[in-house]
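There are 2 protein chains.
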Amino acid sequence: MKRTSYISELREMLALERSRGRKIALIPTMGYLHQGHLALVERAKQTGAFVVLSIFINPLQFGPNEDYANYPRDVERDAHLVEAAGVDALFHPTSEEMYPSPMVTFVEVGQLDTVLCGAKRPGHFRGVVTVVCKLFHIVQPDFAFFGQKDYQQFLIIQRMVRDLNLPIEVCPVPIVREHDGLALSSRNIFLTSEQRQQALILSQSLNEAERLWRAGERSARVLERRLREQITRESQGVIDYAEVRNAQDLSEVTNIESPVVIALAVRFGSTRLIDNKVIGVEARV
Amino acid sequence: MKRTSYISELREMLALERSRGRKIALIPTMGYLHQGHLALVERAKQTGAFVVLSIFINPLQFGPNEDYANYPRDVERDAHLVEAAGVDALFHPTSEEMYPSPMVTFVEVGQLDTVLCGAKRPGHFRGVVTVVCKLFHIVQPDFAFFGQKDYQQFLIIQRMVRDLNLPIEVCPVPIVREHDGLALSSRNIFLTSEQRQQALILSQSLNEAERLWRAGERSARVLERRLREQITRESQGVIDYAEVRNAQDLSEVTNIESPVVIALAVRFGSTRLIDNKVIGVEARV
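Chains as they are written, first to last, in our numbering: chain A, 1 to 285; chain B, 1001 to 1285.
No lab work stands behind these hints: they were computed from the structure. Think of the CB as a built atom: it goes at the ideal place given N, C-alpha and C, for glycine as much as any other residue. Treat the hints with caution; some may be incorrect.
With the C-beta cut set under 7 Å, the calculated list includes, among others, these residues of chain A facing chain B [as the list claims (entries may be wrong)]:
| # | residue |
| --- | --- |
| 1 | 109 |
| 2 | 133 |
| 3 | 137 |
| 4 | 138 |
| 5 | 160 |
Build the full structure now, drawing on both the sequences and the hints.
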């Protein structure tokens, strides 16, 4: 596996691969990798492309009171994991390499970024979209892979690519969960064992909401109320949001008639977890 | 010369050229071409690249009370001009091709877009930068050419390219003027013969400001006052702005110690003209 912190070195490497007719796949990450990331690698390798995984904890997407300084880091462990998984190149730039001078240019995806995590984390998606746009320009991938745990992020990136005519196929990869249902996240390491147990309420309440929907419930408000009640009753989690929204554009939904995403953000102590489930009438059979 | 209105057709064409080892040069325009545009073509051809000239009157960059509907158009005349000038491909998409669905993604270059034309035309540069970013993604040029008459636009595009790591060399091309000094502009056609005569005050007052600077004047305020006095005294032009600013970042200047741009926007009737001149201590000899 090749490994570099430098944009120019990465570009030379990729130009060579491209000149050999190789397609390029990009997996942008913030590191501290888990099986969810490795599922992205597996999907990327299926394309036959030269797979670049980037590790960059992007200061632009963290708010002033968020966990940028404490975000978990272990690049050597990550490097071993991705080499074993068959990644072709690991790109782990410094902040100075990515932001050599103060940024004045930003990319924003309106509408989609005003709800859910966008409403709770002002400026977060602007930071995400801007750094992903930079990475897209640096790597110029044919494919880019994003996990569906960050469902809103996936929609926003997909929309950016469409609106700005980026010649990139944005590929979503399903959420990977622990055996007991907890969605994998680099932030899970911050949970105490008690919080870890309580955090199961995210996937459990999503499953319960899906069950209700399968039983015929079509009111978004009823599902949201049940989610909130269950989370509050069965855990000490503090709900950031628990919402049912249109799965395509995240618009508000009253009666569930087309695919929706049920999206949760719940805090356990200082650790904020997100999870979601997409349900759609056509998937009902 | 090849000619298309379709993104997919253009991309196929360019992929073929690229596969032959050809570099690509892009000249984004709004059409109604003049010798200034042809100077861009000439510079682009000097690179040896496959030269794409785009014609697209971008609704996003016009304000509600601006001249989008009346902007001059003559694509057939333009096509003859650029074919004769040696352009390899003319791309003239429709608005539907460029904006098939409502745009929610925008690219903005802060700071540089808040002054001069940015202060007078809110949203203008956001529209320019967003459409240029789209064109950059559609064409993926190695070089892009912009006229220095739109000096602020050039700086903004250059900064976008740098901040977002676009692998494109942005090349400025000097202003082309009529024999009497009037900077070429597609909007000059709207001037009455009297206004056409009065519009000479833009280049004349810039020349006078440069003369004062060469004579030792270093006060930006003094130069600005002289510009305003001369324009007001010798024409019926209504000044939108007449400012001396840092040539690199458009910041305010008090004493001229490093290169500055003297920038003018003056309205004659409903026609708004811009012009500028860069002067710098090192050019003084």
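For each hint, the structure was consulted:
Against a cut-off of 7 Å between C-beta atoms, the interface hint on residue 109 of chain A holds, since the closest Cβ of chain B lies about 5 Å away. Contact between residue 133 of chain A and chain B, as hinted, is supported at the beta carbon level, the nearest pair being about 6 Å apart and thus within 7 Å. A distance limit of 7 Å between C-beta atoms decides the matter here; for residue 137 of chain A the minimum to chain B is near 4 Å, and the interface restraint holds. Taken as an interface hint, residue 138 of chain A checks out: its beta carbon lies about 5 Å from the nearest beta carbon of chain B, inside 7 Å.
Taken as an interface hint, residue 160 of chain A checks out: its beta carbon lies about 5 Å from the nearest beta carbon of chain B, inside 7 Å.
Of the numbered hints listed earlier, not one is contradicted by the structure.
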